[in-house]
Each structure stands twice: as C-alpha cells, then as structure tokens.
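Number of protein chains: 2
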Amino acid sequence: MDCNEWHLPSKPSPLICASVVNMADDLPSVLVLGPPIVFTYYERRFSENFHFLKPWESSIPLHEFLTTYAGSVKAVFDSPKCPVTKDILQNIPELRFIMTSSTGVDHIDLHECKRRGVKVANVGSIFSEDVADTAVGLLIDVLRRISAANRFVKAANWHQKGDYPLGHKLSGRRIGIVGMGSIGLDVAKRLNAFGCIISYTSRNKKPHLEFPFYPHIQELAAKCEILIICCALTDQTRHMIDRTVMLTLGRNGIIINIARGGIINEKDLVECLLKQEIAGAGLDVYENEPNVPEELFDLDNVVMMPHHAAFTEESMRHVYEIVVANLDAFFSNKPLMLDVI
Amino acid sequence: MDCNEWHLPSKPSPLICASVVNMADDLPSVLVLGPPIVFTYYERRFSENFHFLKPWESSIPLHEFLTTYAGSVKAVFDSPKCPVTKDILQNIPELRFIMTSSTGVDHIDLHECKRRGVKVANVGSIFSEDVADTAVGLLIDVLRRISAANRFVKAANWHQKGDYPLGHKLSGRRIGIVGMGSIGLDVAKRLNAFGCIISYTSRNKKPHLEFPFYPHIQELAAKCEILIICCALTDQTRHMIDRTVMLTLGRNGIIINIARGGIINEKDLVECLLKQEIAGAGLDVYENEPNVPEELFDLDNVVMMPHHAAFTEESMRHVYEIVVANLDAFFSNKPLMLDVI
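Protein chains in written order, with this note's numbering: chain A, 6 to 346; chain B, 6 to 346.
This list has only true hints and no planted wrong ones.
Same chains, same label: a pair holds when it works inside one copy or across any pair of copies.
Here are the simulated lysine-lysine pairs, DSS-like style, with alpha carbons at most 27 angstroms apart:
{"no.": "1", "residue 1": "Lys159", "residue 2": "Lys272"}
{"no.": "2", "residue 1": "Lys59", "residue 2": "Lys124"}
{"no.": "3", "residue 1": "Lys272", "residue 2": "Lys166"}
{"no.": "4", "residue 1": "Lys194", "residue 2": "Lys228"}
{"no.": "5", "residue 1": "Lys59", "residue 2": "Lys166"}
{"no.": "6", "residue 1": "Lys194", "residue 2": "Lys211"}
{"no.": "7", "residue 1": "Lys194", "residue 2": "Lys174"}
{"no.": "8", "residue 1": "Lys119", "residue 2": "Lys91"}
{"no.": "9", "residue 1": "Lys280", "residue 2": "Lys228"}
{"no.": "10", "residue 1": "Lys119", "residue 2": "Lys339"}
{"no.": "11", "residue 1": "Lys174", "residue 2": "Lys159"}
Hint data in this document are derived by calculation from the structure and do not stem from the laboratory.
These figures come from a predicted structure and were not determined experimentally.
From just these sequences and the hints, can you work out the full model?
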C-alpha cells in the first residue's frame, strides 16, 4: 500500500500548513508516516513532548514533502501502512531512528537502515494477548453463532420464530496453530485450557513445546479441523492457505485469520465458504483492506472484524508509553527499549 | 412457566391423535413433558426404542391428558420447561422414574418423588464445557465488540467510515465467578489461561481452589470488574444481582449471565445499562423467556443469545445417549446412570 493513498486530504487547510511549517518551538522534530492509529488517539499528548511533521495533512506528494520539510529530520514514527523504503530513506539523509508502532518490521528496509546507521525499534509483543483473545473470540463466535444469535434476538425473532439452530462444541476440538510465535503461543495456551487438542506448524519446531509439530501446512490441515493463522506474511507464507489446504481441512473446517490477509488466498476462501467446502471463518484481516469480499456478507458462519484484533484502549495506552519512552531515549542519547537494529 | 402454554397447537391433527392413542406396539411407554429440545432433534431415533405420549400435541388440558392417557405410565422424560409438581405426580400414580434433559432438578418436586418412590436422573454436568465456552465467548464479544464489528464490516462501513472504535482488553482483568459449581470451575479454568485474576462467591468456600473466596456478592463485586453468573436459581439467588451490586461493580463493570434470568433483577440491569452505570452485558438468559428487554436491542455493548449456551450438536448427541441408556436401564431393572434420588 502506498502511504500517499492513505488519509490524504484533497487540499491543505490553514491548520495543516501550520502543522507543517511551525517548527519555532524547541521540541524535537519527528516525522510521522502512516499515521499509526495510536497517533490519532494520543496526538495531543504526544505533542507535549515532540513536534510532529504530518505529510498526510499536506497536499503535496510524499517525496516532495520529505525533501521540502523533512530533509533534516532525525526521527521517524511509522506504521506498517507506510513502508520505509530505500527510496524514502534517501530523501531523509539525516535520519538516525525509526520507531514503528507495530510488532512486525517487514515494512522497513532494515538492510538499508543498517547501511545508513539508522536504528529501528518496535513495540515488542505487546499486542499478543489482545490478538490471541480476539482469535479465541472469533472462533467461539463462529462455532456458537454468537453474532448471528445476537442479531436473531435483537430482531425480536426468538418470540416469533422459536428455537435457534444448534452450534458446535469448541472443547476437545483439534486446533492447528499456523505460526508459533508470541501470538500463536498465547492462542495455544488459551485453547489448551478449553480442552482443545493443539498442534502447530512453524518455521522451526519449538523444543520447549510439547504440542505436536508438523513442518508442512498440508500435514497440519490433515490432522486438524480448525486452523488459526498467527504467522508473519512473507514470500513463503503468501497464499499458503489455499484451496488445497481448505479441502484437506474438510467440510467441518474453520479458519481464523488474525495475522495478515495475504496469507490466505482470499478467492479460494470465498469459493470454499460459498460451496460449503469448509464450515466457517473468523476474519480480522483481508488481502486488500479496507476492501473485503462482499460475497461473505450474508453468511452467518463468517464473522468479520475490521483489522482490529490488536486494538484496545489498553494496548494503545501501552504503545503510547513505549513510543514516548523510546523517542525520549533517542533524543537523550540513552539506550532504546526493544531496539531491532 | 406452565407447560400447557408451550407449543400447544390450536387443535389436534390426525397425526397427533394417532401419536396419543396408538399404543399397539410393544415398546415401553414414556410420557414426554416440556418437551426437551433434544427430543425435537432426536424424536425419530428415540422412537425406535420407546413409545412416546406427547401432551403438547393434544388439544385437551394437561391434567385431563394425564388422567385420560398417562395414568398408567411408568416413566417421564421431562425438561425444565414443564415443572413436575405434586399436582402432576398425583395424576400419574404409577410413575416410577423421571428422566430430565437438564442438569438442574429444581423444577421437580423431589420430596414428593421420594415419598412416592419415584427415581429421578439428570444428565450430570455434560453441558458445563459448552456453557463455559459460551460465557467466555460472550465476554470477549462484549469487550472486543465482535458482534458489532461484524455488523460494521458487513454493512460495508469500513471503507466508508474508516476506523472502528477501540475495544477493551480481557487479559489481566479481575473476574468474579458467581457460583463455583461445574460450570463456574470450567469458566475459571478458561479465563485463568487468559491471565485474568479470578475470585468467586459460592454457597461454600472450595478448599481445593486457590482463587480468593468472598462469601457475599457485594464483597465480590467490590473486588472485580466483571461478574460471570454461574449459580443455580434458588430463593437465595433470585435477584441477587441488583442495582446495588451493579453500582458496586462500577462504570467499567460487565455482567455475563449464562445461568438463569431470575438471578439478575432485569429491570435494574436495563436501567444501569441505559444510564451507562455499567459498561456492558452478555446475556443468554432472561427473566421472562422468550420475552427479552427490547430497550437493550440498540446497545452494541449488550450481546444477547436465545438461551443457547448449552446447545451444540455435540451436547444434544450426548444427552440423547444418556437418556436412551437411562430409560433402557429403568425398563430393564438395571442401575441408572446419574441418578439424583
């Protein structure tokens, strides 16, 4: 996704021009790219400590903005919405620090950062619990039809139509975790307490885990009824969950995706759901957000969220604190928390 | 609730008359009261082993039906929809066994059964896992706004309206379990794995549990943000959760009820939710089912189900197996499973 496409206003307002050019105060300048969601919630408080350059409020293209206003900026606050490419880095040659609001750093050209002596820090695994909670919530919702039941009751159908269809049991089900990082582990811990039978695939077997490990997704799908996608999106994982995997999972199969949309072949997923070749899906992420497959809108066995698995008031507060602490540390020449390089 | 009000057709059909009077086969006769939901799903298979008398398919009042057709019946298959009172028992003097489709037996006059030498069996705690799963699902749904988010995405609002409001974190929250029986324990086990801080109230402290115990609901509410109602409905627990408890829980308070509607003062609950004196509720049960408080229909922070926490295809199958095994045992003079008296 090109960050020029994101929240770009049609023309600059007086306020926007002021925010771009007013660097008269003594606060350290930080270029914001994305912008991170936490910035929209905490901008006022962030602004007590830093002066922010906000290219999305400007009408000029990003590259021109960078050369015009940000050529001397030393710190960037970024989200995965705006990849930090070699090209962008060339336009801000004085840059020494990138703070990303995410756990993943695959949107940043780390090789070029290292070459230029740019430090990078992320927010660690602070989203893992919230994302794992959402994965479990989506799974229970799909199995027990909670969203659809809520709609049924609130449409005053219970009194009129009588009994509601039965759901399916979670406890004791065979769950395959795809990617046993911090989020995958938190999902496994939770579902283990429901009496589920956990197994997983991951880049490597985790020697400290007793859950069965299958190196290939096809093997995992053959052993499970439910797949929970928790891995990073890479060249290796893109479209890893395709029609073949779904057919192996079978007619009782359920897929939960709280990772990245591109890990699933969305066209295949829509086809398998419409043909009832799998039983349901809980989706927080999509291949082309915020566009989602409209063919799924009428399916009660598909529960959809708007890429929100990580976003709670508590996690935003935590991200805010880490970002402020790291930017403070950078501008004070103190050690960074959670530095990646 | 009077079982005469439940599913009573306006006039008997030829099929109905046949089902009442056709006792020509040699199968043992069982009077069905309620009827249990499992009976509606498994009637055909049940009928391979037993001949059923179904008063709800008759146009005559229950008492008349009992004296006319069921005076000699030895076994009843019942659900909590139809209380087995002293009055009913007097009309079926040959009765020797009541099989209820529920865990609770508070709808059966056990004292009178004992006096008359009528054995009673229930289905044990087979619903506990499904009910506990639903409690956790409702809680995550309320905190993370899953049902509302699903509606938001499926109404094509994400693209148009942009970011969705933040939810609230589950992990680490202070949870109070009201009633530490089989279901309460299953809820506690699950939420413990989410890193929640569990405490409970119950008739008695459970010596084998390390979770803090508070003998009074007010003490528990003062220590917690979330109450999960898992106790039986008794004279002591009726309206136990009232406005005083809710105000003690406070503005961040959430109440989940998967037990019985009458444990909560529903009028107080509606008032506290409308005035935002508590933060939300997840409700599977209501005081006057299937009537539900319509004032809650527009609240995204209230997630409602139609008394379905226990009902999965798997639990129905399990109930079917236990009921058939127990009726078989009774008619063969073999020991009953899960007999209560």
